[in-house]
Amino acid sequence: MTLHAIFISPFVDYGFMRRALVACFALALGSGPVGVLLMLRRMSLVGDAMSHAILPGAAIGFLIAGGLSLPAMGFGGLVAGLSIALLSGVISRTTSLREDASFASFYLTSLALGVLIVSLRGSNIDLLHVLFGTILAIDANALYLVGGIASLTIIALAVVYRPLVAECFDPEFLRAVGGRGSLFHFLFLLLVVINLVASFEALGTLMAVGLMMLPAAVARLWAQSLPTMFAVAAATAVVSGYLGLVASFHFAVASGPTIILTASCIYGVSLILSPSGMARRLYSRPHLKA
Amino acid sequence: MKQPLIELQDVTVAYARHPALHHVSGTFREGSMTAITGPNGAGKSTLLKAIMGELPVAEGTIKRPGLTARDFGYLPQAAEIDRQFPMSVADTVMLGAWRRSGAFRRIDPDVKAKARKALSAVGLEGFGGRIIGSLSSGQFQRVLFARLLLQDAKIIVLDEPFTAIDARTTRDLLDIVCRWHKEGRTIIAVLHDFDQVRAHFPETLLLAREAIDWGPTSVAMSSRNLLRARAMAESWDEGAEVCEKDAAVA
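Residue numbers (our numbering), protein chains in the order written: chain A, 392 to 681; chain B, 40 to 289.
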């Protein structure tokens, strides 16, 4: 088998593979940078909790539309995700629970509620689609949504980069200079939710956060500055998507999990080979004079 | 006599109904340089956060007539900032120009030049491109002072600015604080080192949840006051009754 047959042909021969690839690239460009900011805010697990929080909304969309309708499920997921984000913010400001704890307390409730709602009407196949995504079944409408969300995310990040970074790095300072930190914090959560809604369609609720957090962790290991981290995270997600699709095509295995496992492999290699990885401890270079 | 800038009227700040700051009254005057000192748990940082509007006041009022958040330059305890954040020294310092650049405006060359000058003033010339995670505690504290220099604020509020840094850095940064005072800025600093307070700060608020004394440092820092402060801060009663003063108001 030639390299062309392995790496190019699946996308030349099959439209569903091309659409899946474009979706992966779009997801990567939006989710990568958002994941980096989530990780730097020490909210990595909040992303996971959030991805489950959108499930009840998506499930209600599923019920109302009577099947796997992307607009209905996407809108439902968006409303549910934002509601949980707001509710968690209110709880952390009015009680002694921290924001991550209040997110965590919604996590299982949301998952259970979402699965229950889907199982009321849907089949086991529908449930599998909701939980693990259907990246190979992505159609033109879904591509528009994913592409639109990625574009919006990149533009929003470019516009609010400075306040977002300031709020992330030293929220107390931003409050002290009247920098409207809460507004930017909410805007950031909005970006997290819409990116999770986009990932939800492709990777399902259980792995939607995968293309957000694994590339972010890889970026942390390789890069020093924030813009470089954004670029490394997006590139890692792009490569994971591409190689994952290629592997799933040739080995005839599920695409979503393969994409996430590819990202996991890159993470594993990075843990060993990156500048701050384990290998550096074994093979340390001679120190400088000053 | 200089104008009152910040006026505390019978201020109480409480955590879970227990007062961290109890019925404190007094005034920070324009151009004054006041040390807030006292034992651990005396409510010093709580007072700063209340002044900055970050903590709600349970009783009393804090008057800051005509002042906005932008008039304050606040240096929190270094431990409250994530030093592993992938931020360059120059970007950290340029945050000090927030009043001028805001969230969206372009950072102009003048701000960049001022940031370089501020770094030079704190002894970190050429450090602009370094990532803050690579700095020592003392160097990072110098960076935060450079950010304050760029803020160019009317009131400088410092929370334990010299904790865990070496003598030379402390001396350099104290010089900057004294220069700010000479320029007519108002300085409010939480400090633990009594010698520093006596040597550099004309006024002192000695706290032990209540204001033990507030006035000229030589008077406020008398041995009798210090002993009283220590005894008061160490008293803590889980079964405390409702404060009589508050009960009378209710």
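No lab work stands behind these hints, which were simulated from the structure alone.
Treat each hint with caution, since some may be false.
Just a few of them, taken from the derived set where beta-carbon distance is under 8 Å, the chain A residues facing chain B [stated by the list, open to error]: (1) 535; (2) 538; (3) 561.
Among chain B residues calculated to face chain A with C-beta under 10 Å, some are [to be verified]: (4) 115; (5) 140; (6) 192.
Predicted, not measured: the structure shown is a model, and the values here were computed from it.
The C-beta atom is built at its ideal place from N, Cα and C for all residues, glycine as well.
Structure-based check of each hint:
1. Checking residue 535 of chain A against chain B: minimum C-beta separation of about 29 Å lies over 8 Å; hint violated.
2. Taking 8 Å as the C-beta cut-off, the interface hint given for residue 538 of chain A is violated, the closest approach to chain B being about 26 Å.
3. The beta carbon of residue 561 of chain A is positioned within 8 Å of a beta carbon in chain B (closest approach about 5 Å), and the interface hint is therefore held.
4. Checking residue 115 of chain B against chain A by beta carbon gives a least distance of about 5 Å; that is within 10 Å, so the hint holds.
5. At about 8 Å, the closest approach between the beta carbon of residue 140 of chain B and any beta carbon in chain A falls short of 10 Å, and the interface hint on this residue holds.
6. Here the hint on residue 192 of chain B is kept, as its CB sits about 9 Å from the closest CB of chain A, short of 10 Å.
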